[in-house]
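Chains E and G are the protein sequences, given in the same order.
Take any residue in the first sequence, note its place counting from 1, add 18, and you have its number in my numbering.
Take any residue in the second sequence, note its place counting from 1, add 188, and you have its number in my numbering.
Derived by calculation from the structure, the hints in this document are not laboratory data.
Each hint should be verified, as a subset may be incorrect.
Stated by the list, open to error - In silico lysine-lysine, DSSO-like type, Cα no more than 30 Å apart, as pairs:
#1 Lys77(E) x Lys370(G)
#2 Lys125(E) x Lys370(G)
#3 Lys325(G) x Lys77(E)
#4 Lys125(E) x Lys325(G)
#5 Lys325(G) x Lys341(G)
Claimed, not checked - Computed far set for chain G versus chain E, every beta-carbon distance over 12 Å:
#6 Gln318
#7 Gln319
#8 Asp320
#9 Ser321
#10 Val322
#11 Lys325
#12 Ser329
All values reported here derive from a predicted model rather than from experimental measurement.
Positions of the beta carbon are idealized from the N, C-alpha and C atoms, including for glycine.
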Amino acid sequence: MPTPSLTEYLIISGLLFSIGLGGVIIRRNIIVIFMCLEMMLAAASLTLVAFSRFNVTDKGLPDYDGQMLVFFIITVAAAEVAVGLAIIVSLYRARQTIHTDELTSLKG
Amino acid sequence: MPSVIFYIFAAMMLVGGLMVVFMRNPVSSALSMVLSFLGLAGIFIGLNAYFVGILQILVYAGAIMVLFIFIIMLLDVKDEESHPRKGLALTAGVLIPVVLLIQLAGVLVTDEKSPSAPALSLDAAAEDYQQDSVIYKKLSSGSLPDIHLIGRKLFTEYNFPLQVIAVLLLVATVGCVALSRKSVAQDNHDKGSDIPDRG
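Build the full structure now, drawing on both the sequences and the hints.
Shown next as structure tokens:
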């Protein structure tokens with residue numbers, strides 16, 4: 019039974035990253051933009067896990083350094099989401115909107 | 189992992205991602221994101237990264253998405269139907285990722301012989317560990333104790349980053365509480381407006 023090669027993992031990781039990037043550019047709702055950012059982080063994690071599995075150490079185990087980095091990315095992402103959503107809530111309190119088109123205080 | 193299962197999970201992940209971008213209602217976007225991350229977790233498990241796969245489901249699909257949905261419902265966001273999409277943003281949002289993908293594909297195509305996943309040799313790896321340890325027993329019985337291996341690495345080689353991340357989580361918690369508190373000035377203003385009402 020054929021197994022997927024490293025290139026396939028990297029391609030779908032790149033696809034997920036591109037979808038997230040497109041979402042950040044297209045959408046106008048800050049919460050959805052934030053979700054797309056999470057998706058881009060997840061795509062990077064997929065690359066790291068794939069490299070960890072394909073780079074088997076001399077002893078015959080996966081290289082766990084990559085998975086450690088994913089562990090830390092997930093932790094930082096959780097902290098980032100909590101702070102980011104708190105910022106969004108206080109933004110909504112101050113301006114009554116979360117559409118990026120209507121947030122133009124910095125526009126000259 | 190056989191290619192067929194890989195493609196099923198990859199399709200699940202990518203369709204979920206596309207639905208996040210193109211669903212107009214933020215709640216549908218959040219639920220599509222759960223679908224996307226379930227597919228991603230399936231791919232992780234197929235890569236023998238069982239711990240990371242479970243973590244992806246628990247943290248992303250379980251905790252972060254609940255937080256997102258909670259905030260969406262708290263703010264009662266109107267969907268974007270009242271805001272027509274701008275052609276420029278749509279064009280740029282399709283064009284820039286496509287350019288990125290073409291670049292990526294161009295790099296990956298040059299690698300003509302892409303490797304399949306190399307086999308793991310669990311028996312050989314077991315010899316490095318003590319005979320009575322859980323890692324040794326599991327490795328010699330032919331299963332991969334990746335949680336034990338990650339935990340071992342986390343508390344030896346990555347001990348300092350672990351403590352840094354603990355401080356980061358504490359700072360994030362304090363930051364959230366500070367951000368969601370009403371500001372003192374606004375509080376005074378509210379009290380000031382209360383008094384004339386009563387009078």
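Numbered hints the structure breaks, given as an ascending list: 1, 4
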